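**Q** So the chains spell out like this:
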Amino acid sequence: MATIHIPTPLRKFTNQNRILETGKTTLSGAIEHLVEEHPGIKKNLLDDNGHIRSYIKIYVGDEEVDPLENGTLEIGEETEISIVPAIAGGTNNEY
Amino acid sequence: MSKWTEMKLSNEELAHYSRHLTIPEIGVEGQKKLKAGKVLAVGTGGLGAPMLQYLAAAGVGTIGIVDFDKVEASNLHRQILFGASDIGRPKVEVAKERLQEINPHITIETYETRLTSENALEIIKNYDVVADGTDNFPTRYLINDATVMLDKPNVHGSIFQFEGQISVFNYTGKNGDRGPNYRDLFPEPPPPGLVPDCAEAGVLGVLPGIIGSLQASEVIKILAGIGEPLAGKLFLFDALHFRTQSVTIKKNRDNPLTGENPSITELIDYEVFCGVGGNGRDEEDEVSEITVQEFKTLLDRGEDVQVIDVREPHEYDIAHIGGELIPLNTVSDNAGKIRRDAKVVVHCKAGTRSAKAIRQLQEAYGFDNLYNLQGGILAWSKEIDQEVPQY
Numbered sequence: 008m009a010t011i012h013i014p015t016p017l018r019k020f021t022n023q024n025r026i027l028e029t030g031k032t033t034l035s036g037a038i039e040h041l042v043e044e045h046p047g048i049k050k051n052l053l054d055d056n057g058h059i060r061s062y063i064k065i066y067v068g069d070e071e072v073d074p075l076e077n078g079t080l081e082i083g084e085e086t087e088i089s090i091v092p093a094i095a096g097g098t099n100n101e102y
Numbered sequence: 479m480s481k482w483t484e485m486k487l488s489n490e491e492l493a494h495y496s497r498h499l500t501i502p503e504i505g506v507e508g509q510k511k512l513k514a515g516k517v518l519a520v521g522t523g524g525l526g527a528p529m530l531q532y533l534a535a536a537g538v539g540t541i542g543i544v545d546f547d548k549v550e551a552s553n554l555h556r557q558i559l560f561g562a563s564d565i566g567r568p569k570v571e572v573a574k575e576r577l578q579e580i581n582p583h584i585t586i587e588t589y590e591t592r593l594t595s596e597n598a599l600e601i602i603k604n605y606d607v608v609a610d611g612t613d614n615f616p617t618r619y620l621i622n623d624a625t626v627m628l629d630k631p632n633v634h635g636s637i638f639q640f641e642g643q644i645s646v647f648n649y650t651g652k653n654g655d656r657g658p659n660y661r662d663l664f665p666e667p668p669p670p671g672l673v674p675d676c677a678e679a680g681v682l683g684v685l686p687g688i689i690g691s692l693q694a695s696e697v698i699k700i701l702a703g704i705g706e707p708l709a710g711k712l713f714l715f716d717a718l719h720f721r722t723q724s725v726t727i728k729k730n731r732d733n734p735l736t737g738e739n740p741s742i743t744e745l746i747d748y749e750v751f752c753g754v755g756g757n758g759r760d761e762e763d764e765v766s767e768i769t770v771q772e773f774k775t776l777l778d779r780g781e782d783v784q785v786i787d788v789r790e791p792h793e794y795d796i797a798h799i800g801g802e803l804i805p806l807n808t809v810s811d812n813a814g815k816i817r818r819d820a821k822v823v824v825h826c827k828a829g830t831r832s833a834k835a836i837r838q839l840q841e842a843y844g845f846d847n848l849y850n851l852q853g854g855i856l857a858w859s860k861e862i863d864q865e866v867p868q869y
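Line by line, the protein sequences are chains A and B.
Under my numbering, the first residue of the first sequence is numbered 8, with each subsequent residue one higher.
Under my numbering, the first residue of the second sequence is numbered 479, with each subsequent residue one higher.
If you are wondering where the hints come from, they were derived from the structure by calculation, not from laboratory data.
Note that the coordinates shown come from a computational prediction; the quantities given were computed from them, not determined experimentally.
Please note that the accuracy of each hint is not assured.
Claimed, not checked - For lysine to any residue, the following SDA-like pairs were computed, each having C-alpha atoms within a straight-line distance of at most 20 Å:
1. Lys711/B with His12/A
2. Lys19/A with Asp811/B
3. Lys516/B with Leu487/B
4. Lys50/A with Ala562/B
5. Lys774/B with Gln868/B
6. Lys19/A with Pro670/B
7. Lys729/B with Ser61/A
8. Lys711/B with Glu71/A
9. Lys50/A with Asn807/B
10. Lys711/B with Glu87/A
11. Lys50/A with Lys574/B
12. Lys728/B with Glu76/A
13. Lys729/B with Leu75/A
14. Lys50/A with Arg25/A
15. Lys729/B with Lys49/A
16. Lys574/B with Glu596/B
17. Lys49/A with Ser810/B
18. Lys19/A with Ile804/B
Just chain A, same shape as in the assembly (with noise of 0.2 Å):
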């Protein structure tokens, strides 16, 4: 199973999963997984043409990687997909 990591500010629409597991053997298919696993969490991953959103990075490994040109880049057993946000602080004054 690959395995994809989910950053905090992206969890409260995971039931707070840090990860999720996937059988898919293809990038666009992981993410298609993590997009019927968890609904919420479509709007703030991809945009209306189904784009990554450009305050998050998606990583195959290290390397970065776009579901749209990549989507056919297997992945296998040991795959780790990361979900990488841009985050501000800890400390922001929007309340």
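Assemble chain B onto chain A, guided by the hints.
**A** Leaving out everything else, chain B in the frame of chain A:
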């Protein structure tokens, strides 16, 4: 940078830095480079506190500090430059005292102001390196753009609950190639409200200690000209599960500063860019408000009023004023619980989330009897009932 070859180290300085001087990579030459170096730290909060102390102790010759804030009780669990007796004092003033105590051989320059598009270039131009320890997206993009325009490395650290990120942006390597900047990594910030905001989040007190110390290490390496700065990479740290990762940052050909067709040639309005000014305020205007004094009068008169608290349950456990708890992200699902036959006062911690909740309810369900409690539970605690804890 001043010429390091012109720097001299006194006997007192040689004693202070002796454990540096014996490291082959630093030695007298590296220590003189640090003394000649000038770093600007933006923010003296959780990240700035450890970073500044290590930079001062290490002998960075000139340290500039920008912060407009005053010390508050809620700072003390992580901002270890400050103590309880400093509450209410300007952070830059306290920081300067502490840092000069740590190292009297260096110069501390303070700017008790907010870094803005108007003053950023003027302040930053005098420094060799900028260390970004701020807590908001507008200032992060401002620092990024200003450092790119002035060709300065930007040592970036950011934190959220248990997770930290660090990178060295806009670093020009020995071969003359300039590394990626923050806009290559994240072209735009998240719109306010789409990602949970930080009042709902908090931060582990020690986390900025770790990330800020890593920033100090990067600044020292850059100034001393040693090692490999974290350029072109983003280091990720999850304290809760002790997971670390270093990922590659690609340059983005659409980067409006350094891409193929640059469109930003001068500093812009970063509040508008990040969606936290301008339009946001217009939206605020659509929400009816009530002050805590007016709210108290309603309650004292025994008027029929429903109170809705849109914070999170863990916040309710810390402090509440008796409202019905309906967290912001469940408001739409619970619209049926909100009365239409009485005044409804909606509150959160300081008024932002409750305004969002009211806008959602007005737009989706046509409520016209909702009032946002100005300043939220913090204002209630300050002006009405000091028994209600501030957090």
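**Q** Flag every earlier hint the structure violates by its number, smallest first.
**A** 4, 11, 15, 16
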